[in-house]
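The residues making up each chain are set out below.
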Amino acid sequence: MCCNENPLVAAFLSTIAWEQEDIVKNLLIYLKDYKKECVLAPLFKMLEAIFELFVPLVMASVIDVGIAEGDTSYIIKMCLILILLGIVGLISAVTAQYFSAKAAAGFGTAVRHGLFAHIQRLSFTNQDKLGDATLITRMTSDVNQAQSGVNMVLRLFLRSPFIVFGAMVMAFTIDVTAALTFVVIIPLLSLVVFGVMAVSIPLYKKVQGKLDSVTQSARENLTGVRVIRAFHLEQQELEAFGEKNQELTRMQMFVGKISGLLNPVTYVMINAATAYLIYQGALRVDSGILTQGEVVALVNYMGQILVELIKLANLIVTVTKAIACGNRIQTIFEVPEGEQGKLQRREEENGEEGMVVFSHVGLTYQDASEESLTDISFCARRGETIGVIGGTGSGKTSLVHLIPGFYPYTKGSIRIAGKELSSYEPGELRKKVGIVMQKAVLFKGTIRENLSWGRENATDQEMREALETAQALEIVEKKEGLDTVVSQGGKNFSGGQRQRLTIARALVRKPEILILDDSASALDYATDAALRKAIAGLQEKPTVFIVSQRASSIQYADKILVLEDGELAGAGTHSELLDTCQVYQEIYYSQFPENQQKGGKDNG
Amino acid sequence: MAKTKSQWGTVKKLLRYIRKYTALILASLVFAAVSAVLTLYVPILTGRAIDFIVGKGQVDFSGVFNVIKTILIVVLVTAAAQWLMNVCNNRITYQIVRDMRRDAFAKIEILPLKYLDGRSYGELVSRVIADADQVAEGLLMGFTQFFTGIITIFGTLCFMLNIQYKIALVVICITPLSLFVASFIAKRTYVMFKRQSETRGEQTALIEEMIANQKVVQAFGQEEKVLGRFDEINERLRKYSLEATFFSSMTNPSTRFVNSLVYTGVGIFGAVAAVMGQISVGQLASFLSYANQYTKPFNEISGVVTELQNAIACAGRILELIEEEPQPKDDDAKSLTDVKGNVALSHVDFSYTKGQNLIVDFNLDVHPGQRVAIVGPTGCGKTTLINLLMRFYDVDGGAIKVEGEDIRDITRKSLRSSYGMVLQETWLREGTILDNIRMGKDASREDVIQAAKASHAHSFIKRLPQGYDTWITEDGGGLSQGQKQLLCIARVMLALPSMLILDEATSSIDTRTEIKIQKAFAKMMEGRTSFIVAHRLSTIKEADVILVMKDGHILEQGNHEKLLAENGFYATLYNSQFVAAKEAE
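Residue numbers (the working numbering), protein chains in the order written: chain Y, 1 to 604; chain A, 1 to 585.
These are calculated hints, taken from the structure and not from any lab test.
Possibly wrong hints are sitting among the right ones.
As the list claims (entries may be wrong) - Going by beta-carbon spacing under 10 Å, a handful of chain Y positions derived as facing chain A:
id	residue
1	Ala93
2	Ala101
3	Arg250
4	Val255
Unchecked claim - Coverage of chain Y stretches by chain A, computed from C-beta distances (three or more under 8 Å per stretch; other residues unrestricted):
id	region
5	81-90
6	236-242
7	256-263
8	297-306
9	521-529
Computed from a predicted model, the values in this text were never measured in an experiment.
The C-beta atom is built at its ideal place from N, Cα and C for all residues, glycine as well.
Can you make the complete structure from the sequences, with help from the hints?
Right under this line is the structure:
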């Protein structure tokens with residue numbers, strides 16, 4: 001695809017896409033099923049261009065032979081040839097469009113599939129690093145841009161340069177001296193077209209930056225509307241916005257002035273070249289080297305060049321964008337998938353030493369400079385309830401996320417059911433663990449579909465039991481039972497209802513280990529208490545981890561882990577901790593100050 | 001029918017914005033006319049020059065030179081006119097859009113909160129930003145291409161008729177065919193594009209849902225199943241996208257083909273006419289170049305029409321925002337002075353949506369220095385009361401009075417500045433810590449530091465890289481939730497009005513910071529009338545009045561002892577927490 005490229009175009013492209021070009025090449029493997037289309041599309045496009053290039057020549061002979069000799073039948077014959085050229089051109093163009101559309105659509109589909117599958121396998125660490133918004137944009141608009149980039153390239157990248165150079169070659173067949181005008185004007189035109197682009201593209205990026213700051217200002221004013229009004233800052237905000245808005249407008253007008261130069265300047269150049277062609281033609285016709293018709297043909301070829309150069313310039317803008325999108329997509333592909341890949345030698349589950357045993361566990365998140373968890377050791381036996389409490393950022397969630405292997409621990413050892421955690425297959429481990437995350441998420445569909453995520457073949461009876469334990473049965477029964485429709489994001493349920501439903505989803509799994517990560521925060525105390533009681537009464541006797549900010553939610557746990565700054569500040573039962581652990585006292589008495597006097601503790 | 005009517009309404013309103021730039025528009029039209037006519041004149045000149053070049057020894061050099069000179073002058077004038085037209089159009093459109101954006105933003109500042117709360121912020125932002133952009137694009141294309149296009153069409157017709165009407169008729173007759181082909185394809189592909197964009201929308205919805213909750217998907221091992229659903233949509237998308245891309249891409253080759261028919265027609269008739277001596281070879285060349293260009297303005301105009309329709313739809317959305325009823329003005333309202341902290345709610349009725357009454361005949365009398373605690377489960381509508389007190393919303397019935405004045409009779413500014421408000425969602429603006437505490441108030445650096453010290457924020461601010469001059473972004477950057485809240489408290493501490501509205505949020509703040517916040521709150525509340533969204537038992541028990549809310553309604557009202565004695569919802573709430581604590585003793 002690179003042989004006929006204008007050297008200027010190639011140079012320009014490589015300045016934009018330097019260092020990144022290799023990256024995009026990797027994406028091109030998604031075209032591998034469409035090799036045939038990728039060759040045929042530009043080929044047919046080229047055919048079309050060739051037929052188009054013959055037209056001025058035919059017309060020249062109409063003038064020189066037909067008109068000069070007054071031969072009407074010759075004229076008609078030639079015009080039939082013109083129509084024939086048109087038809088063949090149309091057929092080749094349509095064929096080319098079909099192949100390129102097929103390749104582009106197939107490419108887009110394959111990239112989307114590959115990317116989605118890849119994203120699904122990303123480790124939690126990498127998901128955190130990339131962020132949802134980025135991933136969604138990559139999946140949607142970036143892939144679309146790349147797809148239309150492929151389409152445009154297949155259609156135009158060969159055609160436009162071919163017409164430009166073809167016109168020049170044709171000029172040479174007519175007259176070498178006259179053709180030299182083409183040799184001079186084509187690089188000059190390219191220089192202007194790509195020069196204006198090279199100047200204006202970075203300026204457009206600046207415009208985008210200004211637009212972002214206007215957007216930011218508008219959003220800030222909506223999210224902070226209450227505060228702005230409470231402090232009656234409306235006028236001040238309006239002025240600040242006005243300034244940014246004016247700045248944007250100024251920049252837009254400036255860029256407009258520069259990019260607006262493109263058309264007039266090329267117009268002058270092409271017409272100056274035409275005038276020079278006529279002058280040359282006049283000289284050479286006078287001396288009998290050229291005919292009148294040939295001069296007309298030369299002028300026509302000059303006209304074709306401009307149109308195609310402008311098309312090429314637009315194409316390059318599209319392609320530049322597509323390359324940028326392609327690179328962004330590729331960077332996602334390059335993020336390695338799951339990181340617990342290194343399976344240690346398999347161990348058999350042994351003995352009843354404890355369901356979950358941490359010994360001297362440390363966790364350092366990727367790229368983090370400090371440990372988020374330091375030297376954590378504890379043992380949770382089958383059927384025990386473990387409370388985890390501590391301030392924000394103390395590492396509660398990090399701790400429980402280690403258990404299903406969401407993040408790899410970096411020090412010490414974790415044994416689940418007597419077997420080292422890193423020797424489990426991720427799927428095997430996650431079957432044992434039911435986790436309810438802080439953010440209560442339901443998916444579009446029905447309650448039944450949502451619950452079946454817990455276990456594929458759960459019966460209605462099992463689902464009902466899970467709902468009952470999660471204190472969610474009444475919610476569902478008030479509506480249309482298990483077939484109640486859940487709208488996107490579960491918006492048709494309140495925060496507390498969503499929490500209970502997500503708990504039910506985890507319970508359907510009948511997990512050996514149940515983790516509730518602050519998942520009762522939106523429940524009132526009474527419901528919270530009922531929920532804990534129901535879970536304690538489960539027949540399966542799972543090991544339960546309850547993470548909470550509320551002392552009341554965890555105080556009956558068999559063991560409470562108190563975290564502060566990623567370290568275990570204390571472990572034991574409520575009354576033990578109340579006697580010995582200062583951090584626990586602080587938390588507890590800040591929530592139950594009236595017990596402070598009774599307890600006789602004073603920590604001021 | 002109704003649609004076109006509303007479109008006209010929008011256009012009329014849009015004209016109000018355009019009118020300001022009448023002079024520029026006239027200039028743009030003049031430049032457009034000049035450049036269009038001169039552009040058409042060039043092929044005629046070229047043709048004339050060719051007629052001077054007949055054959056060997058038959059070249060009229062002085063004629064050729066004269067024509068070339070004219071061509072060069074005409075071309076330079078055309079180019080200048082083109083560029084100036086472009087500059088004018090840029091000025092017109094970008095300034096119109098700037099004006100619309102400014103008006104839309106200004107409206108956001110004075111719209112009732114009822115309007116803003118009822119809409120997603122993303123949607124409003126996209127009206128101010130993306131829709132405005134679309135309007136700019138559409139107008140720009142409209143100004144640049146529409147007028148030029150029409151002049152070009154008529155100019156071409158005139159020139160052609162002027163040279164040789166018979167050949168001109170050939171062009172006039174065949175050209176509509178190209179328009180017909182283009183519109184035929186457009187109509188056929190519309191359905192395909194619609195199907196493509198619908199499927200795309202379906203896929204995006206799935207992507208958003210699954211990627212945003214990828215962790216849950218993985219925790220439940222649902223990757224395969226989700227991928228299956230994705231692939232099913234993806235495959236449909238491939239099919240539709242192939243159809244839409246392919247059929248729409250037929251437009252260009254097809255019109256090009258029709259164009260070549262026109263070209264051929266001109267060729268035959270022109271050549272025959274030339275043989276019969278009716279036209280010269282140069283005139284035939286002019287005709288051929290017109291035949292080549294004639295369809296271009298038609299295509300452009302049809303493109304402009306779609307773009308303009310889109311722009312009008314977008315303009316409609318912004319204008320709708322701009323014309324939205326603002327909150328009533330309060331220019332002639334009284335200013336509230338000397339606020340001691342008397343607040344009275346008498347017979348207040350309120351609902352967000354008509355028919356769903358939340359607060360009915362509610363009465364409350366608060367004296368200076370009293371504390372009102374609002375309690376209830378999360379999501380019970382505690383913010384409703386704040387909305388009413390701050391007059392973010394107006395009551396439906398009854399009245400709220402501050403110092404005996406109905407708050408609807410006093411300026412919002414004076415009412416709101418009598419309250420200090422700390423909400424659970426902290427809001428920071430892009431700027432320095434200093435700016436964020438000042439919040440527009442004209443306070444000295446020392447005062448700000450004083451306020452920060454009083455609200456226990458000083459110690460952490462001091463440790464930031466540039467102290468009080470540290471630049472923070474909208475989302476607070478590296479600040480923790482608790483630190484953000486301390487900053488918000490410092491803001492209020494700086495002004496320290498006689499009434500307070502506090503949201504005692506605890507959920508995401510660590511114990512140490514929480515103790516600081518409590519202390520800061522306690523200090524602020526000394527001697528001030530306070531309304532507190534309370535989570536802590538101590539706050540609740542010390543309150544003079546407790547309002548118990550559930551599902552948006554105020555269920556119970558009274559002090560701790562009274563409410564316990566009533567043994568209602570409050571008692572249940574209280575016991576579930578208190579009893580739990582007692583058992584553990």
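How the hints compare with the structure:
{"no.": "1", "hint": "Ala93", "in the structure": "holds (3 Å)"}
{"no.": "2", "hint": "Ala101", "in the structure": "holds (4 Å)"}
{"no.": "3", "hint": "Arg250", "in the structure": "holds (9 Å)"}
{"no.": "4", "hint": "Val255", "in the structure": "holds (9 Å)"}
{"no.": "5", "hint": "81-90", "in the structure": "holds (count 7)"}
{"no.": "6", "hint": "236-242", "in the structure": "holds (count 5)"}
{"no.": "7", "hint": "256-263", "in the structure": "holds (count 5)"}
{"no.": "8", "hint": "297-306", "in the structure": "holds (count 3)"}
{"no.": "9", "hint": "521-529", "in the structure": "holds (count 8)"}
In terms of the numbered hints stated before, the structure departs from none.
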